[in-house]
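S.K.: Could you build all of it, start to finish, from the sequences and the hints given here?
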Amino acid sequence: MKRYLDVYKQGMYSALQSAAAYRMNFIVSSLITLAGNILFPLVTLLIYRAGTSFPGWGLYEVLLIQSVFTMSSGLSSLIFGGVLWTTMSHVREGSFEVILLKPLNPLFFIIATTFSIDSVGLFLGGVSLFIFAAMHVGAIPVLFWLQFAGMFIAGTAVLAGLSLMMAAISFKWVGNSRISELADSVLHIGKYPLPIFPKAVQAAATMIIPVGMVGFLPASALLGRVHASDYAAILPCFLFLAAGIWIYRHMIRLYEGVGG
Amino acid sequence: MMPVIDVQHLTKTYKTYKRGAGMGQTFKSFFQREEVVVHAVNDISFAIGQGEICGILGPNGAGKSTAIKMLCGALYPTSGEIQVLGYSPARDRKRYVGKIGAVFGQKSQLIWDIPPIDSFHMNKAIYGIANPDFKSRLEELTELLDIAHVIEKPTRVLSLGERMKCEFVMAMLHRPDILFLDEPTIGLDVIAKVKIREFIRQMNKKQNMTCILTTHDLEDVEELAHRVIVINHGDKVFDDSLQQLKLFLGEKKRVNFTFAESVQGTVFDNAYTKVIDRLSDFQITLEVDTAHISISDFLEDISRKHRFSDISVKELPIQQVVMNIYENAGGVDE
Ligand SMILES: Nc1ncnc2c1ncn2[C@@H]1O[C@H](COP(=O)(O)OP(=O)(O)O)[C@@H](O)[C@H]1O
Ligand SMILES: [Mg+2]
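If you're matching them up, the sequences are chains Y and L in order.
The numbers in the UniProt record's numbering rise by one with no breaks, and the one at position 105 of the first sequence is 105.
The numbers in the UniProt record's numbering rise by one with no breaks, and the one at position 34 of the second sequence is 34.
Quick caveat, the hints were computed from the structure, so don't treat them as lab data.
Check before you lean on any hint, since a few could be wrong.
Unchecked claim - Computed from the model, here is a short list of chain L residues facing chain Y with C-beta under 7 Å:
#1 L75
#2 Y76
#3 K94
#4 A102
#5 Q109
#6 D113
#7 H121
#8 I126
#9 G128
Claimed, not checked - Listed next, the stretches of chain Y that the computed footprint assigns to chain L, with coverage defined by at least 3 CB atoms under 8 Å from CB atoms of chain L:
#10 11-18
#11 100-114
Think of the CB as a built atom: it goes at the ideal place given N, C-alpha and C, for glycine as much as any other residue.
M.R.: This is the structure:
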């Protein structure tokens, strides 16, 4: 266990070193991700300015959803964001063996060595927007915070699962740079109040690919707008992550040539 | 002596799909793919003892990398058994790979954007190497390889030779019992090659470390190996001592001449010299049997008769080695 912690620490240190080696690149790419993700709450702002709204949801409530979404994405991509492109490049160059030479769980090793500092901008942007939105929605009781924390972690697990599934796909679709767009397109749903979507979409977004947990549900918890039934969506989140891990490991085994 | 590596009927087949050439074929392969089976390693058996340096020699595509990947536990065999240090490499991978070291000539284990020293620290964490051990080993290795001055520079600015030496440090910090090397000298200049071979010899002597290296360069094998396995198209075609291989091949070298004058019509063939290639009236490749005449005597002899502007002396190319083995063995089954 200590060994795994040491490896993770060393991985973070290396990531910081690499980022420092390309300081300009790091700053610019952080700003670009930040800008891309700050722009879309601005769209929300414009919608409300124009006098329209998502029925039943105030401006700050929607911003809260979107800030939680951004925080969750930022956190997930800090930790798991590098898995997709690293896997892709290893498979393309046939160098995945290098990972299998280490006496560690290969998935852990990849995660530990691809800590994506670039996403720190995204995460901090989400946090700022979150603080801003939370200050405008009234007092939030401690119980709601706890509920929020649980759901936020569950939502981040969904994103992690999605990252791993995309990375697993890259074993087969070597070099397909469109893979991440696939994930993004599914994720959009989490950025809006779920009730505005048709019932079938709502069901899928809580039970099958639980993207509702990425932004909408944790934010609802803060607003005291969750129902007892919403907690049932927590389990599928962790199942989703487990599925991501399972698929990824399965692809490693195929790569190793088990029965293949 | 108990072998540390025991390989029985090792076989690996890859299944791939044929990609047609040209638009029409490509279009067709989009819908209907033709399966191609590659027998990369074909029923190979051998055993290697503690402290041996064994060279696996073979032309490109012979199956060397595939074999070494299986020995390292990174690839499951299609069939056959491997036992190394009492482990089944692929099945016991996580426990097994902590006991071995590996350098893959074309696959770096260093982190590109940061100095090698940080990659070394990563391995320290991965293998749980204690601080004092890490310090003393790092010092020893960097001194032996003469790279103390490069390990703090970013990896991407290092020369290939410097990088390869750092790869060896990566592989050796945890004191592996066995070192696997896949084409460790590929693309290196002569000086770096010599240094790295010397390093391998020292590690082998000092730590009684077993070493398996693949190469398509006969020189690597001659300089390092006690034992040679030659594979071709996945088949083992030779497995014996280096002395035996030399007996098979004869002591031959290839000498490329660029003459300063036309040697058209000159006959070079004699008891110990054979013309291999006449590229032009100026450029000729001779094969010299160094059991009969030393290279220096031979060159002296030639230079008395002709003026030349350039020469190079080389080992037999691997294709020739394989051909000689087939001819000598006569009965080796394809
Ligand atoms: N992942 C793979 N999929 C399909 N064929 C492969 C794969 N890896 C190697 N091969 C084929 O197997 C044969 C042996 O390859 P390799 O072990 O790399 O040879 P060497 O290292 O001796 O050059 C070659 O014909 C190569 O094309
Ligand atoms: Mg090879």
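S.K.: Evaluate each hint against the coordinates.
M.R.: Going down the list of hints, with the structure as the test:
Annotation: L75 (chain L) was flagged as interfacial toward chain Y, and the flag holds, the nearest CB pair being 5 Å apart, inside 7 Å. The interface hint given for Y76 (chain L) is met, as the beta carbon of that residue sits about 5 Å from the closest beta carbon of chain Y, less than 7 Å. Taking 7 Å as the C-beta cut-off, the interface hint given for K94 (chain L) holds, the closest approach to chain Y being about 5 Å. Given hint, A102 (chain L) at the interface with chain Y, holds; its Cβ is 5 Å from that chain's nearest Cβ, closer than 7 Å.
Taking 7 Å as the C-beta cut-off, the interface hint given for Q109 (chain L) holds, the closest approach to chain Y being about 5 Å. Because the smallest distance between the Cβ of D113 (chain L) and any Cβ of chain Y comes to about 4 Å, under 7 Å, the interface hint for this residue holds. For H121 (chain L), the interface hint holds, since its Cβ comes within 7 Å of a Cβ in chain Y; the closest pair sits about 6 Å apart. The interface hint given for I126 (chain L) holds, since its Cβ lies 5 Å from the closest Cβ of chain Y, which is under the 7 Å cut-off.
Residue-level restraint check for G128 (chain L) holds (minimum Cβ-Cβ distance to chain Y is 5 Å; threshold 7 Å). Residues of the region 11-18 of chain Y lying with their CB closer than 8 Å to a CB of chain L number 5, which satisfies the three-residue condition for coverage. Coverage of a stretch by a chain is defined here by at least three residues with a beta carbon nearer than 8 Å to that chain's beta carbons; for the region 100-114 of chain Y and chain L the count is 8, and the condition holds.
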